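These are the residues of each chain, in order.
There are 2 protein chains.
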Amino acid sequence: MRTIVLGGDGYLGWPTAMHLASAGHDVWVMDNYLRRTLARQTRSEALIEAPNLHDRAERFESLTGLKIRVHVGDCTNVEHMERIFVEAQPDAVVHYAEQPSAPYSMMGRDAAELTLRNNLCATFNVVWAVLRCAPNCHIVKLGTMGEYGTPNIDIEEGWIDVHHKGRTETFLYPRAGGSLYHTTKILDTDLLWFYVRTYSLRVTDLMQGPVYGISTPDADRHIDLLPNFHYDDLFGTVLNRFIVQAVAGVPLTVYGAGGQTRGYLNLLDTLQCVELALEHPASKEELRILNQFTETFTVNELAERVVHAAAAFGIDVAIDHIANPRQELEEHYYNAVHTGFPALGLRPHLLDDSVLARMLEIVVRYKDRVDPKKILPRVSWNRATHVLTEASR
Amino acid sequence: MRTIVLGGDGYLGWPTAMHLASAGHDVWVMDNYLRRTLARQTRSEALIEAPNLHDRAERFESLTGLKIRVHVGDCTNVEHMERIFVEAQPDAVVHYAEQPSAPYSMMGRDAAELTLRNNLCATFNVVWAVLRCAPNCHIVKLGTMGEYGTPNIDIEEGWIDVHHKGRTETFLYPRAGGSLYHTTKILDTDLLWFYVRTYSLRVTDLMQGPVYGISTPDADRHIDLLPNFHYDDLFGTVLNRFIVQAVAGVPLTVYGAGGQTRGYLNLLDTLQCVELALEHPASKEELRILNQFTETFTVNELAERVVHAAAAFGIDVAIDHIANPRQELEEHYYNAVHTGFPALGLRPHLLDDSVLARMLEIVVRYKDRVDPKKILPRVSWNRATHVLTEASR
Numbered sequence: 000m001r002t003i004v005l006g007g008d009g010y011l012g013w014p015t016a017m018h019l020a021s022a023g024h025d026v027w028v029m030d031n032y033l034r035r036t037l038a039r040q041t042r043s044e045a046l047i048e049a050p051n052l053h054d055r056a057e058r059f060e061s062l063t064g065l066k067i068r069v070h071v072g073d074c075t076n077v078e079h080m081e082r083i084f085v086e087a088q089p090d091a092v093v094h095y096a097e098q099p100s101a102p103y104s105m106m107g108r109d110a111a112e113l114t115l116r117n118n119l120c121a122t123f124n125v126v127w128a129v130l131r132c133a134p135n136c137h138i139v140k141l142g143t144m145g146e147y148g149t150p151n152i153d154i155e156e157g158w159i160d161v162h163h164k165g166r167t168e169t170f171l172y173p174r175a176g177g178s179l180y181h182t183t184k185i186l187d188t189d190l191l192w193f194y195v196r197t198y199s200l201r202v203t204d205l206m207q208g209p210v211y212g213i214s215t216p217d218a219d220r221h222i223d224l225l226p227n228f229h230y231d232d233l234f235g236t237v238l239n240r241f242i243v244q245a246v247a248g249v250p251l252t253v254y255g256a257g258g259q260t261r262g263y264l265n266l267l268d269t270l271q272c273v274e275l276a277l278e279h280p281a282s283k284e285e286l287r288i289l290n291q292f293t294e295t296f297t298v299n300e301l302a303e304r305v306v307h308a309a310a311a312f313g314i315d316v317a318i319d320h321i322a323n324p325r326q327e328l329e330e331h332y333y334n335a336v337h338t339g340f341p342a343l344g345l346r347p348h349l350l351d352d353s354v355l356a357r358m359l360e361i362v363v364r365y366k367d368r369v370d371p372k373k374i375l376p377r378v379s380w381n382r383a384t385h386v387l388t389e390a391s392r
Numbered sequence: 000m001r002t003i004v005l006g007g008d009g010y011l012g013w014p015t016a017m018h019l020a021s022a023g024h025d026v027w028v029m030d031n032y033l034r035r036t037l038a039r040q041t042r043s044e045a046l047i048e049a050p051n052l053h054d055r056a057e058r059f060e061s062l063t064g065l066k067i068r069v070h071v072g073d074c075t076n077v078e079h080m081e082r083i084f085v086e087a088q089p090d091a092v093v094h095y096a097e098q099p100s101a102p103y104s105m106m107g108r109d110a111a112e113l114t115l116r117n118n119l120c121a122t123f124n125v126v127w128a129v130l131r132c133a134p135n136c137h138i139v140k141l142g143t144m145g146e147y148g149t150p151n152i153d154i155e156e157g158w159i160d161v162h163h164k165g166r167t168e169t170f171l172y173p174r175a176g177g178s179l180y181h182t183t184k185i186l187d188t189d190l191l192w193f194y195v196r197t198y199s200l201r202v203t204d205l206m207q208g209p210v211y212g213i214s215t216p217d218a219d220r221h222i223d224l225l226p227n228f229h230y231d232d233l234f235g236t237v238l239n240r241f242i243v244q245a246v247a248g249v250p251l252t253v254y255g256a257g258g259q260t261r262g263y264l265n266l267l268d269t270l271q272c273v274e275l276a277l278e279h280p281a282s283k284e285e286l287r288i289l290n291q292f293t294e295t296f297t298v299n300e301l302a303e304r305v306v307h308a309a310a311a312f313g314i315d316v317a318i319d320h321i322a323n324p325r326q327e328l329e330e331h332y333y334n335a336v337h338t339g340f341p342a343l344g345l346r347p348h349l350l351d352d353s354v355l356a357r358m359l360e361i362v363v364r365y366k367d368r369v370d371p372k373k374i375l376p377r378v379s380w381n382r383a384t385h386v387l388t389e390a391s392r
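So the protein sequences, as listed, match chains U and G.
Under numbering that gives the first Met the number 0, the first residue of the first sequence is numbered 0, with each subsequent residue one higher.
Under numbering that gives the first Met the number 0, the first residue of the second sequence is numbered 0, with each subsequent residue one higher.
This is chain U alone, in the form it adopts within the complex (with noise of 0.2 Å):
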């Protein structure tokens, strides 16, 4: 099967192509560092600075015999995609090429733009480049369990049958994101079922809750195999960031209550749930939805899980609430379906000391790169504490 991974520099990306290129697909990546140039711009280096992508590929060959054809090349170009979609000839195309930041997308209205414009556009050219050139093509899409929201029913899997006045339809399941970036992903979804339907592609759109970890079979072979760790408050997750404060010695920094409850994954089901969804594809004019987590936390549960992880360690971690920097409900009611993965044959990798363990082990060695005040946040869009600033416009 021959595989694009557009976005393959990314912390998702970049383990993505190394493991379907491992499973024995023919994978092509393309990316343009978007995400490492605004990482630069806004002093949010990842934990370990990565070589290109081309050197990244070069190394993976060595160690495994394995090609990554590497374009470098901007998703938002129709020319770029279209040459690529023409020459490669895709069963399925990966489409992680989005700015994955929900506090960039909040930093003012330059950024919101670039957010907007970017996400939309290379989504609306991954659509025409499949119609045109390789109609047969699965889309397999990043989405966000953010899409959703926090409402106060449980949340679906994509879709929702609505009983109104004696009557039945079965409906998108409605979307309230809470950030610009969230915002970009529920009109990408928007925009994916209006051509799903109109033109019969096969859509696979996977709403994934926040990724954790570091070590994949592949990363682990070589350093410069690593994915993008980031720590920072822009593209850093919550569990890895708490890892990092952990490693720094300094508190973890709970948004506000910490009752926030989330679907999260190991970065090794992400890994999973893509294979998966390209083994089975969706059939044409399918828009077929997959919530993409396997166990919910609410956010001062993980802080609790990395105190006690990091005790075992030699480590002792204190836990600081600051200001919601985020406009979201600190406690809510939060069931969602996932069973979606598991029928398809998904074997969770749950969140245990010993994953902890793993992950402490590896930031331990990077111990001296860390720059704990990358950490805090320095956006903010929460309506009880902030006002639109000068700085955020």
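Simulated from the structure, these hints should not be mistaken for laboratory data.
Please read these numbers as outputs of a predicted model, since none were measured by experiment.
You can trust all of the hints, since none of them are fake.
No copy is singled out in the list; a pair is fine if it fits within one copy or between any two copies.
Under the rule of at most 25 Å between Cα atoms (straight-line distance), these lysine to any residue pairs were calculated in the SDA-like manner:
(1) Lys164 with Asn151
(2) Lys164 with His331
(3) Lys164 with Ile152
(4) Lys283 with Ala383
(5) Lys283 with Arg82
(6) Lys164 with Glu329
Keeping the supplied structure of chain U fixed, place chain G upon it in accordance with the hints.
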């Protein structure tokens, strides 16, 4: 009250500008003539060539003494948009500045991209121009009833209470548009809803049905003040097309079975609704959604009304059912709430023979300008009858 009308050259924008000026508003209009440009490119010119905005505004002032300030500019250009907001410090903005044609948006990739970019970018710029330059400004945005599609349950006014597994949540009513144009309006609503709840904007989103009519008290003052009356397949709405077909002596072209039901309104009621929305602004942090139509018809009913009215005019008209170029249900449930505007004081101008007679009377004067071949559908996206062709790529 100072009010900016974005898209002030349009079929609705220009009559709105005159109406608000006559009602005492200090009206500023902005338009880049995009619709005129696209109409020329696609051989879809309006029935009557309208003077440019400056000339129209001068004519209007010479007849009424009322000034309309004209700014020619592109709403996707942030500098231009913010300059007018800084200068005007508007109390309200009426946002019509979008590519308004569903068939145009389905002509192929380039037209789709133009529609997506133009509509989303204009809406995004309105949001930020208000946030940065006029934070109390009330945004009145033109959406479409087509955002809802034709669900099998009642269409509520913007929001719906969903009862699910013993719990309840109020959601933005789920949407599914019939073209990319309609889908961009859905994305607009998603985007506005996000910014309303995050940055406390005040927004009224008008879900408007297809509009018909050509005559308004202000437009009737002089031929130069008539709205841009399109009768072609791209920019003409269905009843306006039927009137022109009747006058041209060609059969009325009903798409498919003709059971498609929609909520319609007279151009006079668009003016009334927009004025009512401005007189009763949404609150801070409120996305108020109003369904803007006065009565529902099937396409067959509209055709029969026109046949009847034309007969009284001495014109014998046939009805021709042609292959439906659109992807839509031709028989379906349709029951849409529209109590918001009557509660604000709307006095509807319903469709009767006198309204149709007035339209026929005006169009007859311009009979020689009608090119009947402009009326037949040139763009198809019906899945049942059409595959994506080279032409539509």
